[in-house]
Amino acid sequence: MTTTDSASETPPTATQTAIAFEQVRKEFGKGRDATLAVDDVDLAIGEREFVSLIGPSGCGKSTLLRLAADLIEPSGGSVLVKGKSPRQARLDRDYGFIFQAPTLFDWRTVWKNVALPLEIMRIPGMTKQKKQDEIERLLGMVGLDGFEKHRPYQLSGGMQQRVSLARALVFRPSILLMDEPFGALDEITRDRMNLELLRIWSETHTTILFVTHSIPEAVLLSGRVVVMTARPGRVQSVIPIDLPYPRTTEVEESTRYYELVTEVREALGEAMAGDA
Amino acid sequence: MTTDADPAAAAPGAGPADRRDWGRYAGLIVPPALVFVAAVALWEAAVEVFEIQRFLLPRPSEIVSLFFEDFSRLINQGRNTLGVAGRGLVLGGAIGIGLAALSFRTRWMAEGLGIYAAVLKAVPVISLAPLTVVWFGIEAGSKIATVSIATAPILFTFTLVGLRRADPNAQELMRSYAAGRLRTFWSLHVPYALPFFFSGLKISVTIAMIVAIISEYFGGSFENLGGYIRNEANNVHTVEVWTAIVMACALGIGLYMIVAIIDRFVLRWHSSKRGG
Numbered sequence: 001m002t003t004t005d006s007a008s009e010t011p012p013t014a015t016q017t018a019i020a021f022e023q024v025r026k027e028f029g030k031g032r033d034a035t036l037a038v039d040d041v042d043l044a045i046g047e048r049e050f051v052s053l054i055g056p057s058g059c060g061k062s063t064l065l066r067l068a069a070d071l072i073e074p075s076g077g078s079v080l081v082k083g084k085s086p087r088q089a090r091l092d093r094d095y096g097f098i099f100q101a102p103t104l105f106d107w108r109t110v111w112k113n114v115a116l117p118l119e120i121m122r123i124p125g126m127t128k129q130k131k132q133d134e135i136e137r138l139l140g141m142v143g144l145d146g147f148e149k150h151r152p153y154q155l156s157g158g159m160q161q162r163v164s165l166a167r168a169l170v171f172r173p174s175i176l177l178m179d180e181p182f183g184a185l186d187e188i189t190r191d192r193m194n195l196e197l198l199r200i201w202s203e204t205h206t207t208i209l210f211v212t213h214s215i216p217e218a219v220l221l222s223g224r225v226v227v228m229t230a231r232p233g234r235v236q237s238v239i240p241i242d243l244p245y246p247r248t249t250e251v252e253e254s255t256r257y258y259e260l261v262t263e264v265r266e267a268l269g270e271a272m273a274g275d276a
Numbered sequence: 001m002t003t004d005a006d007p008a009a010a011a012p013g014a015g016p017a018d019r020r021d022w023g024r025y026a027g028l029i030v031p032p033a034l035v036f037v038a039a040v041a042l043w044e045a046a047v048e049v050f051e052i053q054r055f056l057l058p059r060p061s062e063i064v065s066l067f068f069e070d071f072s073r074l075i076n077q078g079r080n081t082l083g084v085a086g087r088g089l090v091l092g093g094a095i096g097i098g099l100a101a102l103s104f105r106t107r108w109m110a111e112g113l114g115i116y117a118a119v120l121k122a123v124p125v126i127s128l129a130p131l132t133v134v135w136f137g138i139e140a141g142s143k144i145a146t147v148s149i150a151t152a153p154i155l156f157t158f159t160l161v162g163l164r165r166a167d168p169n170a171q172e173l174m175r176s177y178a179a180g181r182l183r184t185f186w187s188l189h190v191p192y193a194l195p196f197f198f199s200g201l202k203i204s205v206t207i208a209m210i211v212a213i214i215s216e217y218f219g220g221s222f223e224n225l226g227g228y229i230r231n232e233a234n235n236v237h238t239v240e241v242w243t244a245i246v247m248a249c250a251l252g253i254g255l256y257m258i259v260a261i262i263d264r265f266v267l268r269w270h271s272s273k274r275g276g
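Heads up: the sequence lines are chains Y and H, in that order.
With the numbering used here, the residue at position 90 of the first sequence is 90, and numbering never jumps.
With the numbering used here, the residue at position 75 of the second sequence is 75, and numbering never jumps.
Some clues are possibly wrong.
Okay, derived cross-link-like pairs now, DSBU-like style, lysine-lysine, Cα gap no bigger than 30 Å in a straight line [claimed, not checked]:
#1 H:K202 / H:K121
#2 Y:K130 / Y:K84
#3 Y:K112 / H:K121
#4 Y:K149 / Y:K131
#5 Y:K82 / Y:K130
#6 H:K273 / Y:K149
Simulated from the structure, these hints should not be mistaken for laboratory data.
Make a model of the complete structure from these sequences and hints.
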């Protein structure tokens, strides 16, 4: 076992900035057809912080995530990931990206899907034995022991997303960028995945930037919730979630939790009213 | 007999699921076989009842007996035809697949080539046979060339469609891993292209056999099915012609089935092959 258990008791402290958006603007298309997806976004996410982006659809929350991942480039302003350009961060394999669809390869077994990043990256000092141990450990962590030889299509949606999570963690990126990862799952599975994600987050010391449509999900998971307005996407407000970690389902029954859910809902209401 | 367990009987998977599989295969094989037997019987009876001239339509029984009498010669001629079809297919495949792999990332290139592939598929390729004879001589060379002209555009089109079908999310995933082009090509695009490639191959093997026989029919050696048909038809040896047709059919179907079996095996992960 790894020696990370003690860390789960201490709340994460933002010592350094993991991701910084400064005056970020993103336009899609050119000329008259151009749409401003994101405008004037200033946001800093600290190391080991768990931050959720929430807002009406079309508010550019996914755009911010994709900018940080260097899947697209900003039209203005700057994005820094671990103090570097997103491109450099991508080349340095600093982040793992998780899509709403599990995006698994059907022609590979569960084991081989998780092994994919390691095959590509050829991390120095990563021996065959270390690889095997790491994959085994991660499959255990996401609760998929015994499914190594299965193919993705033999698994449920929730299990598929767990494979995707294990695959993102296998090369130990310090940042996870998650684009509505549990949006396609049913409520029950989603609740369980949320709690597992919190546990994994505290065990792996990663920074998580999490896009979601769900207010309860955002409040349950995050240290801060960023509420965005629609078209163009701007930061409406940043709401600190002062619920103590580690959080369990009991948190969802506390008064403070309800207050925070209400606060986020009201901020979201204002964000949408501004739009109308 | 010994009392030791027969290794074949002890083989795994000999359970009820297997028997159900056999039931399914029987359902696939028995009805067409019955139709075949009935058609042949009807043919035999029709020749008898209507007293059809032997040179117009010989009895199936006569064809079959001559087929086995001449089997060694027919199989030799078949082997030569198969050689031409096979080499033409390999050459056509190399050109078609090579061009698809080179052009699939560049839209203008793929579309530019795609138009000519479409044109080439519309041209009755056999009309090019005289040209290839001028270029490559009357023997195998020209026939191989004709087969590859007929098959290259088919394999180009199918492979291209498959290569371009790769899931955009999966492409972004590979980008997030900073995977190289070659790596992405082999790990992502090729598996996506395989089902399409096999569909193209199944069409191409049949066409390769047909084009090989017809171009042999146009001239050159008699030691192949097309040449033999030409020679015997000129002498109104109808039964001999029919035996060559039977051999051509047998080889064509055999080739198709080999491809279909490989397809099934290689693509057992693919949604179209998973079965119930």
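Structure-based check of each hint:
1. H:K202 / H:K121: Distance of about 16 Å is within 30 Å: holds.
2. Y:K130 / Y:K84: Holds: K130 of chain Y and K84 of chain Y sit about 29 Å apart, inside 30 Å.
3. Y:K112 / H:K121: Cα-Cα ~40 Å, so violated.
4. Y:K149 / Y:K131: 16 Å, holds
5. Y:K82 / Y:K130: 27 Å, holds
6. H:K273 / Y:K149: 18 Å, holds
The earlier numbered hint that this structure contradicts is number 3, and it is the only one.
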